[in-house]
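Peer 1: Chain by chain, the residues run as shown.
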Amino acid sequence: MGYIGETIDSIKSIQIRQLLTQAISLGMIVTSALIIWKALMCVTGSESPVVVVLSGSMEPGFKRGDILFLHMSKDPIRAGEIVVFNVDGRDIPIVHRVIKVHERDNTGEVDVLTKGDNNYGDDRLLYAEGQQWLHRHHIMGRAVGFLPYVGWVTIIMTEKPIIKYILIGALGLLVITSKD
Amino acid sequence: MHSFGYRANALLTFAVTILAFICAIASFSDNFSNQTPSAQIQILNINWFQKQPHGNDEVSLTLNITADLQSLFTWNTKQVFAFVAAEYKTSKNSLNQVSLWDAIIPEKEQANFWIQISNKYRFIDQGHNLRGKEFNLTLHWHVMPKTGKMFADKIVMSGYRLPNAYR
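Line by line, the protein sequences give chains A and B.
Numbering-wise, the first sequence is residues 91 to 270 according to my numbering.
Numbering-wise, the second sequence is residues 5 to 171 according to my numbering.
Just so you know, the hints here were simulated from the structure itself, not pulled from any lab data.
All values reported here derive from a predicted model rather than from experimental measurement.
We put the CB at the ideal spot given by N, CA and C, even for glycine.
Hints should not be assumed to be uniformly reliable.
Footprint (simulated), chain A over chain B, 3 or more residues, beta carbon under 8 Å [stated by the list, open to error]:
id, segment
1, 39-51
2, 77-87
Dumping the calculated EDC-like pairs for lysine to aspartate or glutamate here, alpha-carbon to alpha-carbon at most 16 Å [to be verified]:
id, chain 1, residue 1, chain 2, residue 2
3, B, Lys-150, A, Glu-149
4, B, Lys-93, A, Glu-193
5, B, Lys-96, A, Glu-193
6, B, Lys-158, B, Glu-91
7, B, Lys-93, A, Asp-195
Could you build all of it, start to finish, from the sequences and the hints given here?
Peer 2: Take a look at the structure:
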């Protein structure tokens, strides 16, 4: 009961200047997180430098909930690389391994076929209607490193958005009621 | 300054920082391992070699693959993904890589192996250029760690040749 009384007192005693200072420090934290994210995008050359593994198609190597660090360079795509790609018309990126490469002599364009390690067949079923091969512009990056389990936070927040709102609400309350 | 909230926050931040540091060091230690893998591939038989209705050549082979990849395993290794790819050049394509077989090796004991199989994935060309074609068989491996950076390398074995006529 005492805690609730303290909280109500601290809400009543808020001054405008203090509130603005706190709003600005919150804004600083959010923008510095954004700066770090954009800098990572520049350094790795990929649109999304970190992805979360969503399906079990690469088990036992990558389980659902792991995060992958991506890097994209101008190096040619070779068999065995684990690539992240977007199929036209779908927005969820897929992380699978390249099993076939056919690179054109004159233009350097490349036809790529991928397959998940744990899947029986190749990815032609996942590609768009009539598409047999992936091309360079579909591929967002190569996986170069990984961390286990860290991605579960993102999966939980995406699949049960109520938790996201609770978290943001609690954070907001903490900011307003903190004494410094 | 000494409330439960502050203490919990400081503890959590410290724990996460230490955990990230340990993961980075575990990954870094992989650079110091001495790796001496070896492999040999033999083509036992060309099962059949046809031009398919869609105009592309296809060949079916039986391979005998012997490999010792035990030295690739470190304490930070979760599994090694090994695959054999046929690599060749045609007039239209400067490089073709077709994966013929792959396997997941979860433990060091299983990394010294001998296997005789026909190709797991279809060896199909883009076109009909495979008669008499010389190609390399390359054993690639991809070391997937428990945390951190992944390593990949290969052994190239050359000197293989497809027959001059369909059969």
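Peer 1: Would the pair Lys-96(B) and Glu-193(A) pass a check requiring their Cα atoms to be no farther apart than 16 Å?
Peer 2: holds (9 Å)
Peer 1: Would the pair Lys-93(B) and Glu-193(A) pass a check requiring their Cα atoms to be no farther apart than 16 Å?
Peer 2: Holds, because 9 Å separates the two Cα atoms, which is no more than 16 Å.
Peer 1: Taking 16 Å as the top limit, are the C-alpha atoms of Lys-158(B) and Glu-91(B) close enough?
Peer 2: holds (12 Å)
Peer 1: Taking only the CA atoms, is the gap from Lys-93(B) to Asp-195(A) under or equal to 16 Å?
Peer 2: holds (9 Å)
Peer 1: Examine the segment 39-51 of chain B: at least three residues should have C-beta closer than 8 Å to a C-beta of chain A.
Peer 2: Violated: only 0 residues of the segment 39-51 of chain B have a Cβ under 8 Å from chain A.
Peer 1: Take a quick look at whether Lys-150(B) and Glu-149(A) sit within 16 Å of each other, Cα to Cα.
Peer 2: holds (13 Å)
Peer 1: In terms of beta carbon proximity below 8 Å, does the segment 77-87 of chain B have 3 or more residues touching chain A?
Peer 2: Satisfied; 4 residues make the cut.
Of the numbered hints given earlier, the model fails hint 1 alone.
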